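Number of protein chains: 2
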Amino acid sequence: MRHVDVLIIGGGPAGISAAIWCKRLGIDCLLLEEQSQLGGQLFNIFNEIIDYPGMRTKNGIEMQREMVKHFVEMDCLYEVNTKVLFIDERSKTVKVKKQAKEQEICYTYLILATGSSQRKLGVPGEQQMIDRGEVYSASADGERLKGKTVAIIGGGDRAFEGAHLLSSKAREVYLIHRSTRFKAREQYVERVVSNPGIKVMTDTEVTAIHGDRHVTSIDLESKNKEYKSKNLLVDAVLIRLGVAPNVELIKGNVATAQNGLVVTDEVHQSSNPFIYAIGDACTTPLFSSISSSAGQGTIVAKHISSLLTKS
Amino acid sequence: MRHVDVLIIGGGPAGISAAIWCKRLGIDCLLLEEQSQLGGQLFNIFNEIIDYPGMRTKNGIEMQREMVKHFVEMDCLYEVNTKVLFIDERSKTVKVKKQAKEQEICYTYLILATGSSQRKLGVPGEQQMIDRGEVYSASADGERLKGKTVAIIGGGDRAFEGAHLLSSKAREVYLIHRSTRFKAREQYVERVVSNPGIKVMTDTEVTAIHGDRHVTSIDLESKNKEYKSKNLLVDAVLIRLGVAPNVELIKGNVATAQNGLVVTDEVHQSSNPFIYAIGDACTTPLFSSISSSAGQGTIVAKHISSLLTKS
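Quick note, the sequences are listed as chains A and B, same order. Per my numbering: the first sequence ends with 311, consecutive numbering throughout. Per my numbering: the second sequence ends with 311, consecutive numbering throughout.
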């Protein structure tokens, strides 16, 4: 059976950083990525990246290219299209599948860098909208959304903050939430509710997003019977349903917090001393960034290096 | 009196990252740097930087240029040649001096990004050697030091690790330490002492470094009277006396650990809730890196942003 000192699951910025550092420190390391390309959530960044110190890129794809170039130049070992099916923490083995072929890999230390996923509405038209690149940042896209009618879907901080930020730019802002209760902080909610430029629609589900070249309208269904179904003309939809860490693989093996995040200490060790977590699998959305993910990859590789040197 | 929401002391990677993120998050921020240029310890990196994910640079100066370019393009406010003389945590004010002119600046939050300094021997020839760029990494410069006679000065982990790493490359390795007691871990010491390629000289002080274009020899003085003074022919000197965090300014204001580092929590808050520390002022040399410093700058700016939004 194949054995590696460090096995990294996930090829986003955190995993890439850990692999580069393992290589730098002379550690025998392999990175596994489920998708066909490394980069993880970088593929979901459509705006300019201005906050990775020393490097500005047009978008996430450009950052992905630079990171992968660095990774490949360092001769880091990796496998794409490789799904981890199962982690056996007792035998320190993972079972992976690549194109119908299954194999087992044995590790000394495992680094979970599986990231998080944006929750989606799961309605017709949503994926097409995303594929067209109609993905906006409320803080950075004020100019792009100037004079437009914007629907923000969600009931948490980011939904309310986005509505507040865009209310001064957009022509009209709708905040649409399926419940009457909000997860957002009270002062965020107050600020939005008292803003005459924002229409808050509660107990309302979005059932479809329409538009061929760009979003033109959404279908709404009200639960409080005010209206059964309604078509609302909008120019842009911002889905703010939050993110969920990708921790299905590890659940039960290590301690996770109520929000699903893997609990780690200051060197990113989980409750299992042979399993580490970095990046969005263990970081709240508030602190999630390329920069902090890269920093965590560094820390964990340096820590594991010191353990391997000792032994 | 001038007031800023966030005052950053120190313009190395940690401070630059915090400033870029403050700007990104719309926080009123000012960075103060004592030297004439931003960059901090980047000026001491003479080797290729291969471990900042996404960016490889020939040396620290090239990295400095990219980081400063980014910083300046973001319109971050800063002052160079500006020494902080005093921090008054009660009035939340710092006294600074720029070209004989003193002024006071009031802050809401203070970020200490003062870095650390390499301890030096303080002997003739040392600064000239550094200025000539004769600064080596034991892990990265094996090829550059191949076949050479190398003196490593120090008694800690890095000195012993360096001696071990270079023993297979260099022609001869001397490990020179002023005491007979070592701070290094036992297994490091054992590995070096049992290595016939390394000569360990204890109770020995280096009193001078000679050489015009490059190092040619060093003067040694033995405390155990074996020899009074001795000139040793060497081609390279690696000074490994450890680093000390630059925390003189803050001592007494916030809790520091025995190693001098500012004690911080997971969002880099110190024992004073209005004072934060990032980078080498709060990070052990083992975990010090451009990448983790940048990550810490991100975290602290995001955290302070959430506090400022609340208020």
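It is worth saying that the hints were derived from the structure and are not from the lab. Nothing here was measured: the structure is a model prediction, and the numbers come from that model. Do not take every clue at face value.
When chains are identical, the list treats them as one kind, so a pair holds in a single copy or across two.
[Said to hold, decoys possible] Listed next, the in silico DSS-like pairs over lysine-lysine satisfying Cα-Cα at most 27 Å (straight line): (1) Lys146 <-> Lys97; (2) Lys223 <-> Lys95; (3) Lys230 <-> Lys251; (4) Lys23 <-> Lys146; (5) Lys69 <-> Lys58; (6) Lys169 <-> Lys83; (7) Lys251 <-> Lys101; (8) Lys199 <-> Lys223; (9) Lys230 <-> Lys148.
Here's how the hints hold up against the structure:
no.	hint	verdict
1	Lys146 <-> Lys97	neither (47 Å within a copy, 44 Å between copies)
2	Lys223 <-> Lys95	neither (45 Å within a copy, 61 Å between copies)
3	Lys230 <-> Lys251	neither (41 Å within a copy, 64 Å between copies)
4	Lys23 <-> Lys146	between (47 Å within a copy, 22 Å between copies)
5	Lys69 <-> Lys58	both (16 Å within a copy, 16 Å between copies)
6	Lys169 <-> Lys83	neither (43 Å within a copy, 41 Å between copies)
7	Lys251 <-> Lys101	within (24 Å within a copy, 60 Å between copies)
8	Lys199 <-> Lys223	within (17 Å within a copy, 82 Å between copies)
9	Lys230 <-> Lys148	within (20 Å within a copy, 80 Å between copies)
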